[in-house]
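Asks: As they're listed, the protein sequences go chains A and B. Taken in order, the first sequence gives residues 1 to 284; the numbers are from our numbering. Taken in order, the second sequence gives residues 1001 to 1284; the numbers are from our numbering.
It should be emphasised that the hints constitute simulated quantities derived from the structure, not laboratory data. C-beta atoms are modelled at their ideal positions from N, C-alpha and C, and glycine is treated no differently. Certain hints may be false.
What the hints assert, rightly or not - Residues of chain A clear of chain B, computed beta-carbon distances all greater than 12 Å:
(1) I3
(2) R13
(3) G38
(4) K76
(5) R94
What the hints assert, rightly or not - With beta-carbon atoms standing in for the labels, derived distance ranges:
(6) L21(A) / S1098(B): 26 to 34 Å
(7) K1089(B) / A139(A): 40 to 48 Å
(8) A95(A) / K1278(B): 14 to 22 Å
(9) L21(A) / G1198(B): 47 to 55 Å
(10) K71(A) / Y1085(B): 50 to 58 Å
(11) P1222(B) / E270(A): 33 to 41 Å
Stated by the list, open to error - Lysine-lysine pairs mimicking DSSO-like chemistry, simulated, CA-CA at most 30 Å apart:
(12) K20(A) / K34(A)
(13) K1259(B) / K44(A)
(14) K1034(B) / K1089(B)
(15) K1259(B) / K218(A)
Given next are the chains, with one letter for each unit.
Protein chains: 2
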Amino acid sequence: MRIHPECYPCFLRQTYSTLKLLTKDEELQETLLKEIMGKLAQYKGEDPPPKVSLVVYGTIAQRLGVTDPYKEKKLKCNRMALELYPHLKKMVKRAPDSLFMAVKVAIVGNIIDFGVGRAFKLESGEALEKLDLVVSHYARFRQDLERARKILYIGDNAGEIVFDRILIEEMRGKEVIFAVRSVPIINDVTLEDAKEAGIDQVARVIESGSRVPGTLLKESTPEFKDLFFNADMVISKGQGNFETLDDAHRAIYFLLRAKCDVVAQLLGVEVGSTLLIKGGTIPG
Amino acid sequence: MRIHPECYPCFLRQTYSTLKLLTKDEELQETLLKEIMGKLAQYKGEDPPPKVSLVVYGTIAQRLGVTDPYKEKKLKCNRMALELYPHLKKMVKRAPDSLFMAVKVAIVGNIIDFGVGRAFKLESGEALEKLDLVVSHYARFRQDLERARKILYIGDNAGEIVFDRILIEEMRGKEVIFAVRSVPIINDVTLEDAKEAGIDQVARVIESGSRVPGTLLKESTPEFKDLFFNADMVISKGQGNFETLDDAHRAIYFLLRAKCDVVAQLLGVEVGSTLLIKGGTIPG
Chain A
1 MRIHPECYPC FLRQTYSTLK LLTKDEELQE TLLKEIMGKL AQYKGEDPPP
51 KVSLVVYGTI AQRLGVTDPY KEKKLKCNRM ALELYPHLKK MVKRAPDSLF
101 MAVKVAIVGN IIDFGVGRAF KLESGEALEK LDLVVSHYAR FRQDLERARK
151 ILYIGDNAGE IVFDRILIEE MRGKEVIFAV RSVPIINDVT LEDAKEAGID
201 QVARVIESGS RVPGTLLKES TPEFKDLFFN ADMVISKGQG NFETLDDAHR
251 AIYFLLRAKC DVVAQLLGVE VGSTLLIKGG TIPG
Chain B
1001 MRIHPECYPC FLRQTYSTLK LLTKDEELQE TLLKEIMGKL AQYKGEDPPP
1051 KVSLVVYGTI AQRLGVTDPY KEKKLKCNRM ALELYPHLKK MVKRAPDSLF
1101 MAVKVAIVGN IIDFGVGRAF KLESGEALEK LDLVVSHYAR FRQDLERARK
1151 ILYIGDNAGE IVFDRILIEE MRGKEVIFAV RSVPIINDVT LEDAKEAGID
1201 QVARVIESGS RVPGTLLKES TPEFKDLFFN ADMVISKGQG NFETLDDAHR
1251 AIYFLLRAKC DVVAQLLGVE VGSTLLIKGG TIPG
């Protein structure tokens, strides 16, 4: 998908959130916001939204010398998620359909922000019980998974990655390749997060080549592209991957929550809806 | 108060909301958003936030030829509020302290957006029962009101103005001057709204000279400035007037809901809090 006009206020909101994390100096915040606004005013809007992060976080890195503003937050998210891991494993084991429960766990990982209150809710199982997939291609997902040998799983955020591990652990006997970003960008997963979450124990972890919070095929590594087009199944987590892969020429299972109006409208759902949807331009 | 860095994403969000109302053409929306972003990137940020509306709505008016994008919405708000008027009058009449209830009515007018659901809630009295003034200088307000002869009441939004009328009707025997903006700006009150709401039957209505959703003393008419500094009491409705008058050199009673983080932090309250607060730099 390409940038929608509504994305611009959102880019600026995200810029401010990051600046606030990095400096208390309001004059500096304002100077940087304006520098980024000036660049966005000139931006050719044909790209998918995640590509704009190169402008936003690139400028911040250049001016403040911070290339990984969410490093601490990510570490905290991974640790909190790991604490929940044994409990979630039990829930999946006990469920009548363990694979379906593991899918729900993986999507919940995309929803929660690992604030204390929410984490507790999750512990009580409430979030999982209430989770309703507004669109669910689960039957097809299960069928395709049974037949698949090689699966490419494209990761999304720190914390969430522990929940992805639970889904991958339900794919016994399959060759799973887990793709992470090649550089730190917002709270997206990198090699470091994959190790912290123990993904490397259940899948082969590769870098996709991505420097944005999504997956731009044009900028992916040859290894990633080869896997993307030749794996039996591709699973894409989160909105950023959806925004960059929705028009890719192969079938993809998208697991995501529609977090903004623009994506929700594109998918024909309400904001906040959770989906397991078979997409891509050749759904096969 | 001066513009805070956090205001910029908000300016852009407001810009988009208005553009969406005026055109379905996304290319045009994007072009105008970028033109306004470019101007904001160059903006000298020493002004109170409402002054930025000259850039936002000025550009929109210039490019789309629409000087009053909220005209219809305002008319609808006034009509809906007028339908509630008899019910609210009864509530005020029955209350143990009618003035206090009228103050609450006037503040509720600043909260509701006149969507159907909310209006019904109001009809049942629920919104008024639950309304809690986080900061209340009501005792002083009542005392000052008793002594005052000439009162300047600075209006805020359409719809809300009907609720202001109810408060003004509790100021029996006082000379009340009601100030409106001199041009249409967002959903702020103009002479037309004052007539629709019947304010002209209970107060003398004047234009403040303001072309922004607030009150910039430097740009006010001599008549307004004279009244502002010489009235026995000044009542200021809403956040826009607060943002522009909070450091004015006289005592002012601000009735408002803190609608954003920046103003809430300045006032030391949570976002969404409602206040009746005696402010101004010489609270006297």
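Asks: Work down the list of hints and note, for each, if the structure agrees.
Replies: Hint check:
The beta carbon of I3(A) is not kept farther than 12 Å from every beta carbon of chain B, the shortest such distance being approximately 8 Å. Not every beta carbon of chain B lies more than 12 Å from that of R13(A), the smallest distance being close to 4 Å; the non-interface claim is violated. Annotated as non-interface, G38(A) brings its C-beta within 12 Å of a C-beta of chain B; the closest such distance is 4 Å. A cut-off of 12 Å between C-beta atoms confirms that K76(A) is not in contact with chain B; the least separation is 23 Å.
A cut-off of 12 Å between C-beta atoms confirms that R94(A) is not in contact with chain B; the least separation is 41 Å. Separated by about 49 Å at the C-beta atoms, L21(A) and S1098(B) break the suggested range of 26 to 34 Å. Distance hint check: the CB atoms of K1089(B) and A139(A) are about 60 Å apart, inconsistent with the given range 40 to 48 Å. For A95(A) and K1278(B), the hinted distance range of 14 to 22 Å is not satisfied, since their beta carbons lie about 60 Å from each other.
In this structure, L21(A) and G1198(B) meet the distance hint of 47 to 55 Å, their C-beta atoms being roughly 50 Å apart. At roughly 57 Å, the beta carbons of K71(A) and Y1085(B) sit within the given window of 50 to 58 Å. For P1222(B) and E270(A), the Cβ-Cβ distance of about 53 Å falls outside the hinted range of 33 to 41 Å, so the restraint is violated. At most 30 Å may separate the alpha-carbon atoms for a hinted pair to count; K20(A) and K34(A) meet this at roughly 14 Å.
Restraint check for K1259(B) and K44(A): the C-alpha separation of about 34 Å exceeds 30 Å, so the hint is violated. With a C-alpha separation of about 47 Å, the suggested pairing of K1034(B) with K1089(B) is violated against the 30 Å cut-off. Taking the CA atoms of K1259(B) and K218(A), the gap is about 43 Å. The hint is violated against a cut of 30 Å.
Hint compliance for this structure: hints 1, 2, 3, 6, 7, 8, 11, 13, 14, 15 are not met, and every other hint is.
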